[in-house]
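Since the structure of chain A is provided, determine the placement of chain B on it from the hints.
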Amino acid sequence: MIDVKGLSKKFRRTTVLRNIDATIEKGEKVVIIGPSGSGKSTFLRCLNLMERPTAGKIFFDGQEITALKERDIDRVRQRMGMVFQHFNLFPHLTIQKNITLAPVKLGIMTQGEADKKASELLRRVGLPDKAKAYPAQLSGGQKQRIAIARALAMNPEVMLFDEPTSALDPEMVGEVLQLMKQLADDGMTMIVVTHEMGFAKEVASRVLFMDEGQILEENAPRQFFGNPKNPRLKEFLSKVL
Amino acid sequence: MSLSESIRQNFIEGDRWRYLADGLKTTLFITVFAVMLGMVLGFLVAIIRSTYLRTKKLLIPDLICRLYLTVIRGTPVVVQLLIIYFVIFGSVQISKTLVAVIAFGVNSGAYVAEIVRGGIMSVDIGQLEAGRSLGLNYRQTMIHIVMPQAVKNVLPALCNECIVLLKETSVAGYIAINDLTRGGDIIRSITFAPFLPLLAVALIYLIVVVVLTKLVGILERRLAANDRR
Numbered sequence: 001m002i003d004v005k006g007l008s009k010k011f012r013r014t015t016v017l018r019n020i021d022a023t024i025e026k027g028e029k030v031v032i033i034g035p036s037g038s039g040k041s042t043f044l045r046c047l048n049l050m051e052r053p054t055a056g057k058i059f060f061d062g063q064e065i066t067a068l069k070e071r072d073i074d075r076v077r078q079r080m081g082m083v084f085q086h087f088n089l090f091p092h093l094t095i096q097k098n099i100t101l102a103p104v105k106l107g108i109m110t111q112g113e114a115d116k117k118a119s120e121l122l123r124r125v126g127l128p129d130k131a132k133a134y135p136a137q138l139s140g141g142q143k144q145r146i147a148i149a150r151a152l153a154m155n156p157e158v159m160l161f162d163e164p165t166s167a168l169d170p171e172m173v174g175e176v177l178q179l180m181k182q183l184a185d186d187g188m189t190m191i192v193v194t195h196e197m198g199f200a201k202e203v204a205s206r207v208l209f210m211d212e213g214q215i216l217e218e219n220a221p222r223q224f225f226g227n228p229k230n231p232r233l234k235e236f237l238s239k240v241l
Numbered sequence: 001m002s003l004s005e006s007i008r009q010n011f012i013e014g015d016r017w018r019y020l021a022d023g024l025k026t027t028l029f030i031t032v033f034a035v036m037l038g039m040v041l042g043f044l045v046a047i048i049r050s051t052y053l054r055t056k057k058l059l060i061p062d063l064i065c066r067l068y069l070t071v072i073r074g075t076p077v078v079v080q081l082l083i084i085y086f087v088i089f090g091s092v093q094i095s096k097t098l099v100a101v102i103a104f105g106v107n108s109g110a111y112v113a114e115i116v117r118g119g120i121m122s123v124d125i126g127q128l129e130a131g132r133s134l135g136l137n138y139r140q141t142m143i144h145i146v147m148p149q150a151v152k153n154v155l156p157a158l159c160n161e162c163i164v165l166l167k168e169t170s171v172a173g174y175i176a177i178n179d180l181t182r183g184g185d186i187i188r189s190i191t192f193a194p195f196l197p198l199l200a201v202a203l204i205y206l207i208v209v210v211v212l213t214k215l216v217g218i219l220e221r222r223l224a225a226n227d228r229r
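Residue numbers (my numbering), protein chains in the order written: chain A, 1 to 241; chain B, 1 to 229.
So here's chain A without its partners, still in its complex pose:
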């Protein structure tokens, strides 16, 4: 579904990603872990071209998206949902409007259809009574669940999660991970940058370890955590587990 070939990214003089190759199949749940500054968020953000790669190609369903014009990139992004560390809900809009804005403005749904979809999604994320609330009235965990609902409203084919629980109070991490698990069980293709090792073990079909802009090891979670081979991964796991 997603093919990455020789991806590199530089910010001015610092190289963040070095020549990365990766393939993500439909239905896979890929979890990316690694120390901060390892380039995992940048890698994720390159997949929907929030960051433009310095070199390399990315294919989405066989289409080389790195060669597309701005307009066509917008169309690709409609098919890839993204969830941010800081939720980035629109504070001036109600929860309902947060969810329905994109599908309506992009002409994919009428306001009526989008409203129906929104109440369906709100039920799915367990917040059916929050449609008329504003983001400032919600807890962090609730905000992130709404952010997931907002991304799902576009019916994306793949969901990108950029440290979705890192900004949450500890007691709210569970509700967000629970929802993500549910999404995984429904067959969504997911790419998740996280520090939640438990989630990686339980949900991932494959775990990637990144450090200094490279993927140093990738494996199914059992082997990845049970029998790590790369010395830096061993060191990393010994610190976080």
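Simulated from the structure, these hints should not be mistaken for lab results.
A couple of the hints might just be wrong.
Unchecked claim - Taking lysine-lysine and the DSSO-like style, the derived pairs with C-alpha atoms no more than 27 Å apart in a straight line are:
no. : chain 1 : residue 1 : chain 2 : residue 2
1   : A       : Lys130    : A       : Lys117
2   : B       : Lys57     : A       : Lys69
3   : A       : Lys105    : B       : Lys57
4   : B       : Lys152    : B       : Lys214
5   : A       : Lys97     : A       : Lys117
6   : A       : Lys26     : A       : Lys5
7   : A       : Lys26     : A       : Lys117
8   : A       : Lys57     : A       : Lys69
9   : A       : Lys132    : B       : Lys152
10  : A       : Lys57     : B       : Lys57
11  : A       : Lys69     : B       : Lys56
12  : A       : Lys10     : B       : Lys57
13  : A       : Lys116    : A       : Lys97
14  : A       : Lys105    : A       : Lys116
15  : A       : Lys130    : A       : Lys116
16  : A       : Lys57     : B       : Lys56
17  : A       : Lys97     : A       : Lys132
18  : A       : Lys105    : A       : Lys69
19  : B       : Lys56     : A       : Lys105
20  : A       : Lys10     : A       : Lys57
21  : A       : Lys181    : A       : Lys26
22  : B       : Lys152    : A       : Lys97
23  : B       : Lys167    : B       : Lys25
24  : A       : Lys105    : B       : Lys152
25  : B       : Lys25     : B       : Lys96
26  : B       : Lys167    : B       : Lys152
27  : A       : Lys116    : A       : Lys181
28  : B       : Lys56     : A       : Lys10
29  : B       : Lys152    : A       : Lys130
30  : A       : Lys69     : A       : Lys5
31  : A       : Lys97     : A       : Lys130
32  : A       : Lys181    : A       : Lys201
Chain B only, in chain A's frame:
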């Protein structure tokens, strides 16, 4: 001469209060239309500049905007007014009030631009990213997500700019427009008593400004209440 006698002489006799009333009308007219022109120019410049700063597009328009900001903010408004009247429209038959509207509007636009640009840049970059990640293009994201928040943030500052502009129009007399300030001046030149006409002029400006300031204060509290919901 008693106070009531002076008042009668300065304002009642020969309907001299009309100089002030007509002057106030002219002042308000110039202010309102200059504010409208300034807002249009200011938003345009702010959007061009913030687009350039965030996306590196629109380099040439940005250069023009920067030149505009430098020239307007670097020279006195009276000089701009005189240049626009005597140089730019020097050989054209044109209403002086219109010239004033253009001069004060173009002047105000530069200040509005910097206020609005500050407002746009104060909206978290994550808002832009969230909009773009949903597939909205830059324009849609600006219109529906960034601008409503930016405008809300700078609304009090914009209203204050209107109040400043109202007072700045007092130099319109330089091109012989009979605005409020000049109305007082005319009375003074007739009665040769400077105290009361100038006091009256100052008082009228003060009342208008105080009323507008109160309105801005109410607006500010409303906006703050909105944030707490």
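Evaluated hints:
no.	hint	in the structure
1	Lys130(A) <-> Lys117(A)	14 Å, holds
2	Lys57(B) <-> Lys69(A)	14 Å, holds
3	Lys105(A) <-> Lys57(B)	24 Å, holds
4	Lys152(B) <-> Lys214(B)	18 Å, holds
5	Lys97(A) <-> Lys117(A)	12 Å, holds
6	Lys26(A) <-> Lys5(A)	18 Å, holds
7	Lys26(A) <-> Lys117(A)	24 Å, holds
8	Lys57(A) <-> Lys69(A)	14 Å, holds
9	Lys132(A) <-> Lys152(B)	20 Å, holds
10	Lys57(A) <-> Lys57(B)	24 Å, holds
11	Lys69(A) <-> Lys56(B)	16 Å, holds
12	Lys10(A) <-> Lys57(B)	20 Å, holds
13	Lys116(A) <-> Lys97(A)	12 Å, holds
14	Lys105(A) <-> Lys116(A)	16 Å, holds
15	Lys130(A) <-> Lys116(A)	14 Å, holds
16	Lys57(A) <-> Lys56(B)	23 Å, holds
17	Lys97(A) <-> Lys132(A)	9 Å, holds
18	Lys105(A) <-> Lys69(A)	20 Å, holds
19	Lys56(B) <-> Lys105(A)	26 Å, holds
20	Lys10(A) <-> Lys57(A)	15 Å, holds
21	Lys181(A) <-> Lys26(A)	17 Å, holds
22	Lys152(B) <-> Lys97(A)	18 Å, holds
23	Lys167(B) <-> Lys25(B)	14 Å, holds
24	Lys105(A) <-> Lys152(B)	22 Å, holds
25	Lys25(B) <-> Lys96(B)	15 Å, holds
26	Lys167(B) <-> Lys152(B)	24 Å, holds
27	Lys116(A) <-> Lys181(A)	24 Å, holds
28	Lys56(B) <-> Lys10(A)	17 Å, holds
29	Lys152(B) <-> Lys130(A)	24 Å, holds
30	Lys69(A) <-> Lys5(A)	19 Å, holds
31	Lys97(A) <-> Lys130(A)	11 Å, holds
32	Lys181(A) <-> Lys201(A)	12 Å, holds
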